Amino acid sequence: MGDAIEAARLRRTYRSRTGFIRRRTTEIEAVRGVDLTVARGELFGLLGPNGAGKTTTIKLLNTLLIPTSGTARICGFDVERETREVRRRIGYVFGGDRGLYDRLSGLDNLRYFAELYGVPPRDQKRRIAELLDLVKLAGRERERVEGYSRGMRQRLHIARGLLHSPEVLFLDEPSIGVDPVAARELRRTVADLAATGTTVLLTTHYMAEADELCDRIAVIADGRIQALGTPAELRTHADGRRVVEIEAYGVPDDTVAGLQRLSGVREAAVEARGALQILTVQSDAGVDVQGEVLHALGGVRLGRVSTREPTLEDAYVAIVSGS
Amino acid sequence: MIAIGTLLHVKQLSRSGLELTISLFIPIVQATLAVYLFRSGGESHRLLDAAVGAGMMGVWSSVLFGSGGAIQSQRWQGTLEMIMLAPRRPVLVLLPITLATALTGTYALLATLLWGRLLYGIRLDFVHPAAFVAAAPVVILSLGMFGLLLAATFVLLRNANALANTLEYPVWLVSGILVPITVLPTWTTPLAAALPTTWAARALREATAGGPVWPSVGICAGISLICLALGAFALTHVERRARAAATLALA
Ligand SMILES: Nc1ncnc2c1ncn2[C@@H]1O[C@H](COP(=O)(O)OP(=O)(O)OP(=O)(O)O)[C@@H](O)[C@H]1O
Ligand SMILES: [Mg+2]
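Heads up: the sequence lines are chains A and B, in that order.
Numbering-wise, the first sequence is residues 29 to 351 according to our numbering.
Numbering-wise, the second sequence is residues 398 to 648 according to our numbering.
These aren't lab readings, by the way, just hints derived from the structure by calculation.
Do not rely on the hints blindly, as some may be mistaken.
Claimed, not checked - What follows is a list of derived Cβ distance ranges for each label pair:
| id | chain 1 | residue 1 | chain 2 | residue 2 | range |
| --- | --- | --- | --- | --- | --- |
| 1 | A | 158 | B | 630 | 34 to 40 Å |
| 2 | A | 175 | B | 642 | 53 to 59 Å |
| 3 | A | 175 | B | 630 | 36 to 42 Å |
| 4 | B | 507 | A | 52 | 48 to 54 Å |
| 5 | B | 486 | A | 223 | 43 to 49 Å |
| 6 | B | 591 | A | 217 | 53 to 59 Å |
| 7 | B | 627 | A | 61 | 36 to 42 Å |
| 8 | B | 507 | A | 219 | 52 to 58 Å |
| 9 | A | 158 | B | 522 | 53 to 59 Å |
| 10 | B | 609 | A | 162 | 57 to 63 Å |
| 11 | A | 61 | B | 507 | 54 to 60 Å |
| 12 | A | 158 | B | 609 | 54 to 60 Å |
| 13 | B | 627 | A | 217 | 41 to 47 Å |
| 14 | B | 619 | A | 175 | 43 to 49 Å |
Said to hold, decoys possible - Beyond 12 Å from chain B on every Cβ pair, some chain A residues (computed):
| id | residue |
| --- | --- |
| 15 | 101 |
| 16 | 127 |
| 17 | 133 |
| 18 | 146 |
| 19 | 149 |
| 20 | 150 |
| 21 | 151 |
| 22 | 210 |
| 23 | 224 |
| 24 | 252 |
| 25 | 259 |
| 26 | 291 |
| 27 | 297 |
| 28 | 312 |
Keep in mind it's a predicted model, so treat the numbers as computed, not measured.
Note that CB positions come from ideal geometry on N, CA and C, so glycine has one too.
Required output: the full structure, derived from the provided sequences and hints.
Structure representation (structure tokens):
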């Protein structure tokens, strides 16, 4: 048996026309040469900043887009020419609350897609009931989807993606809008699927999720793979670094830029958590930058200051900002 | 599969509050229009004829905006990608949608007749009532298949609505749904002969006012089957083009 997903030098350019009278064509190179191999039963993560080309890569692999150049095969079938064979074997779930018929009930949505995706009529009832149980929507399936919460829609979406028991499952940010408990259940479901032989290609912005789930991860930025390996291998990208984390209130942007210029500092970034900001400063392990950083932050109201070992997230930041 | 798909799309279409309100009022307007346009004629048959014509306009609008609008709104909802992803021929995926629009359009036909009866006392004295009942479903399904051919263009065009808007009135006119074809310039005749709407309108008029119903029904169904074949063929290409041009999704 060959690999579940093989992609070679995949490229995709979007052409969009702007202007009505003076037509101008702008080209966006969303994916610029991606090589990937995912083994059967592997759980593969695709990480990268917004606009990196993750969704485009997935749509190239799941036949929604035709590659500008390069080739891809799913279970040995070419995505461009053997489309129907590929489609029979894949499931696709994307994040957000679109992609469902709002005015139909959850059950009707599943019935319709079961029919479309070729689930044999005699199996439909059982399969739908199983999936409703799995995503914890049993009992609510007769309500219209427009009345569902965001997380419920997302769970319905996942059930839909699993209807025809696909061999390869593409999950594009499946945990958006899902509450922490449901997200944990979702991770368990995904892990179970992979354990029973389903190949999963997952994109997410939650590093902990990727770290926990994925056998291997590719970090993609600017349409190219910048790093690829197991979570442990990726973490070595942040080896020899130390991380200072500072809680602060109202850090001006130019101060952050200033921190980046301090000697020994490799990255500095802020993340807002409500009124609070978390300032993360990565430095070479040998240099103690804490004093200088605190000095540079003079005048800013600070909270807790701590030093820790780098995580996958720090490695990700190092890879992405180094690209 | 087509039956279930059609049924569920009818459900989805008929549950929109706005569209329901519109489709409740438009038949009244159409019935009124029909009555005032033709009251001067005085013949009761002409009146019923006009009401049926107005109803057909409703079916056509529903198919046109349905196949254009349904595809556009599915693009917005993000369901277009999900249905095109099914391991099926694209024609099997889209046909239920256009059939559903034709079926919801039937309601416009019935409602126009009903309002005509209630508000203006148009007598529903069809010359061939049985033929009318038999012909109506055939022509309506035919229009659904014609819609499929339209749908092929709509899948490709990102702003399908604009095209749908420009097609509404000309087709009413050319196919003689409201005014007899004979008053139109001669160059429209071949065009009219090729449109299934012409034959659909004619078949229903013949059932209403007398005439050989079945030839028109047959021609209408025949043209529609050709449309279906063309549409199926076109859709295969269109689907590929759409995947190349990335028009299945909004962004
Ligand atoms: N239909 C489209 N037409 C034109 N440009 C597009 C289209 N879809 C995506 N792009 C562009 O391609 C690039 C890659 O987009 P893509 O959606 O693949 O990113 P992503 O990695 O999924 O990002 P995110 O994390 O925000 O989901 C972006 O610059 C985007 O603007
Ligand atoms: Mg994306």
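Numbers of the earlier hints that this structure fails to satisfy, in rising order
2, 5, 16, 17, 18 and 19
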